[in-house]
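2 protein chains.
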Amino acid sequence: MGKYDRNDPETLKLLGSSFENQDYQTVLEIFRDLHPADQAKMFYALKTDQQEVLLERMEIPEIADIFDELEDKQTLTAARNLPLPFLADIIDDMDPDEAADLLGDLSGQDVRRTISLMEESEEVLPLLRYADETAGGRMTTDFLLLGPGDSADSAIQYLRSAGLETDIPYYLFVVNKEKDLLGVVGLRELICADPGQIISDIMESNVVSVQAMQDQEEAAQVMKHYDLQALPVLNNLDQLVGVISHDDILDVLVDESTEDIYRLASVSDYALEPESGLFLQLKGRLPWLLLNTITALIGAWVISNFGDLFVQVAVLAFFQSVVAAQGGNAASQNVAMIVRSLALGKVNPKQIIPILFRQILVGMFLGTVIGLIVGIGVGFWQANPYLGLVLGLALLGNMLVASIVGTLAPLILEFTGQDPA
Amino acid sequence: MGKYDRNDPETLKLLGSSFENQDYQTVLEIFRDLHPADQAKMFYALKTDQQEVLLERMEIPEIADIFDELEDKQTLTAARNLPLPFLADIIDDMDPDEAADLLGDLSGQDVRRTISLMEESEEVLPLLRYADETAGGRMTTDFLLLGPGDSADSAIQYLRSAGLETDIPYYLFVVNKEKDLLGVVGLRELICADPGQIISDIMESNVVSVQAMQDQEEAAQVMKHYDLQALPVLNNLDQLVGVISHDDILDVLVDESTEDIYRLASVSDYALEPESGLFLQLKGRLPWLLLNTITALIGAWVISNFGDLFVQVAVLAFFQSVVAAQGGNAASQNVAMIVRSLALGKVNPKQIIPILFRQILVGMFLGTVIGLIVGIGVGFWQANPYLGLVLGLALLGNMLVASIVGTLAPLILEFTGQDPA
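Here the protein sequences come in this chain order: A and B. If you're matching positions, the first sequence starts at 1 in my numbering and goes up one per residue. If you're matching positions, the second sequence starts at 1 in my numbering and goes up one per residue.
These are computed hints drawn from the structure, not numbers from a lab. Hints may contain errors.
Since the list can't tell identical chains apart, any single copy or any two copies may satisfy a pair.
DSBU-like cross-link-like pairs, simulated, lysine-lysine; straight-line CA separation at most 35 Å [said to hold, decoys possible]:
no., residue 1, residue 2
1, LYS179, LYS346
2, LYS350, LYS283
3, LYS350, LYS47
4, LYS47, LYS13
5, LYS283, LYS346
6, LYS47, LYS283
7, LYS3, LYS41
8, LYS350, LYS73
Can you build the whole structure from these sequences, using the hints too?
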């Protein structure tokens, strides 16, 4: 590691005092010593006027590196106040996929003006047509092409002339003149080949690819299953239009897991963090709490219509909350397992029936064990075997239903084309 | 893709009939056409006697490829019935990290005999000393070394002589004779360098690394943060002992997310799947349900000691279940956010206080909104403003406490060295 460290108190102190003393030389020295990923974290933590000072003094490629590393929302915030010609230069230098995300987040008028000011918009424009959550929305257009008749030696010359900066550095993609994907060559194979060998003899022609319109989660599953470092993306004419790199797929898997976890905990805003603003917190958390409260109150109202019974069955009403809680717990166990299996691509439609039968059996066992314990316990304790029997049966029934609903609900959502989590 | 497809019914039908007709030539043809990841999925789905037929007829390197792709438990099941000399040959051909995992899962006596029968145990033995969940447990020893004084040309000659099969194919690691890590060279940089250039002039010397004893989750966070394809692992003398590759880190992130989700849903066995056996299901799900039931019953018993009050406050008891449910919901929202932020390395100890204050504020707002709605609603409906007031305040208090507990509990577990999820 370098001289400075983003997490080192000394570094942070020096940075703070340098800003105070307007010693921007030292500020830049600290920044330039850090990895862009750390620069981005540090940049985001600065005050707005400090960010402005930096943006004025850094080189365009340096700013582009930081923008590539910031999260999409953070990039937008930093980009918003920049003059459009300056912003256009930065976007020209960004990774095409990040550039497309940023352009897609700008307001309609700014998009058009920024694109007209850009010099290399042809790398970014094809990406704008794909939705954020598709394979096309995750791919980059910054990769290297070979023809099947090229020699290994000429491929190496081409690599040397293309220089070091490519999003997909360790693979070359082989296409014919219709841009059909014929194969892939790794740099390792290229180096080990005889200089005169023809690419079509070296390349791996059995290539896994995805369609640009496919869900990014499917692309992630394919890359994980085959341990791929780069996944080619084809359009509907089966032409090679982009490549997804391994770090994008990490982001997809992490984002999707966060979504799963938040959805299971009834947090509806998947970008919410513990330190997010109050308004965002309420917006992401209140709706489901309200819905749940209202449902519970309606339930109470229905029962209250039974008048006298409401007080008579006070004891039952009390124990009923135990029954309801266990049903809820059992259902959430089921939902968690199914949602996770779906996310990891482990369930296919043919397995629904066996899984359902397995879970009905599990629900019966869970209900029997819990039902017997509560039923016998409460029956003796309240000296009321009838109460025990009712509670035991209620628990058995409730957990059986919970198992069925908790299993079927996410499966039905998934296979009717919705995203259960 | 090849001629056959693991998910194609035609392929599966042909496979089934070939097994029936003992046409093992066709069985092998189908298998050899598939990617090892698909071979593994298909192998796992076979009956035991069909697996045996395959293991008898496949080449050792083919079996090793399949074993590399199977999940650890599946590999152990397949390996258990093999004669040890045969198994030793397979393990010799496996990736060192997978080989170490398999050896670690064998019984003590078998480990010693297998190792003594192996020819290349020196690649695997150093890995056996690291626990499964550490960086050392995830790393491979199959990577390539250079000296700082080597020329680019001699490095390329070395690559050609080393052949194509290395776990870490696109990076070369530069060490001195004490095995201290001096730098990393990517194949791209090597190809673009002048043949006579010295490695120490080409290499990136600012290298991120982890310690072998560090948690695999920390290694995963580092690789994700810096978008690394390979992460060097050092021992406590800071010597290079291994490298973690990008696909291992995918597995870590996915496993840890599954753990998070299961823990939040009170499923205690993180390997449980919807189709797991009945006994495993009960073992992974009953304990927490039982604990929760017993807690609820103790609560009921405490309240029942108040005798008459138990019936008198029947209405309150009923509405109280609404209060309890909302507190539980709010707490689980908090736990989910904190657990996820911790898993992604977004929280450091300094942030605990501001996060807690933010969440106390959020809890007050949530409690006020829900409390007002329920309090006013029930107050008017039951024509009992006192009941409304009590319920409203109970909700406010409950959600405030829920927010504090739901925020602090996972944070305290984390920073006292335990793993909250």
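Status of each hint after checking the structure:
1. In this homomeric assembly, LYS179 and LYS346 come within 35 Å of each other (Cα to Cα) only inside a single copy, at 33 Å, whereas the closest approach across copies is 42 Å.
2. Within a single copy, LYS350 and LYS283 get their C-alpha atoms only as close as 39 Å, which misses the 35 Å cut-off; across copies the closest is 26 Å, which meets it.
3. Proximity of LYS350 and LYS47 under a CA criterion of 35 Å is satisfied inter-copy only: 18 Å between copies versus 55 Å inside one chain copy.
4. Proximity of LYS47 and LYS13 under a CA criterion of 35 Å is satisfied intra-copy only: 15 Å inside one chain copy versus 64 Å between copies.
5. Proximity of LYS283 and LYS346 under a CA criterion of 35 Å is satisfied in both settings, with 33 Å inside one chain copy and 22 Å between copies.
6. In the homo-oligomer, the alpha carbons of LYS47 and LYS283 lie at most 35 Å apart inside one protomer (26 Å), although the nearest pairing across protomers, at 52 Å, exceeds that limit.
7. Proximity of LYS3 to LYS41 under the C-alpha cut-off of 35 Å is restricted to the intra-copy arrangement: shortest distance 17 Å within a copy versus 48 Å between copies.
8. In this assembly of identical chains, LYS350 and LYS73 lie within 35 Å of each other by CA distance solely across copies; the values are 24 Å between and 40 Å within a copy.
The structure is consistent with each of the numbered hints, conforming to all of them.
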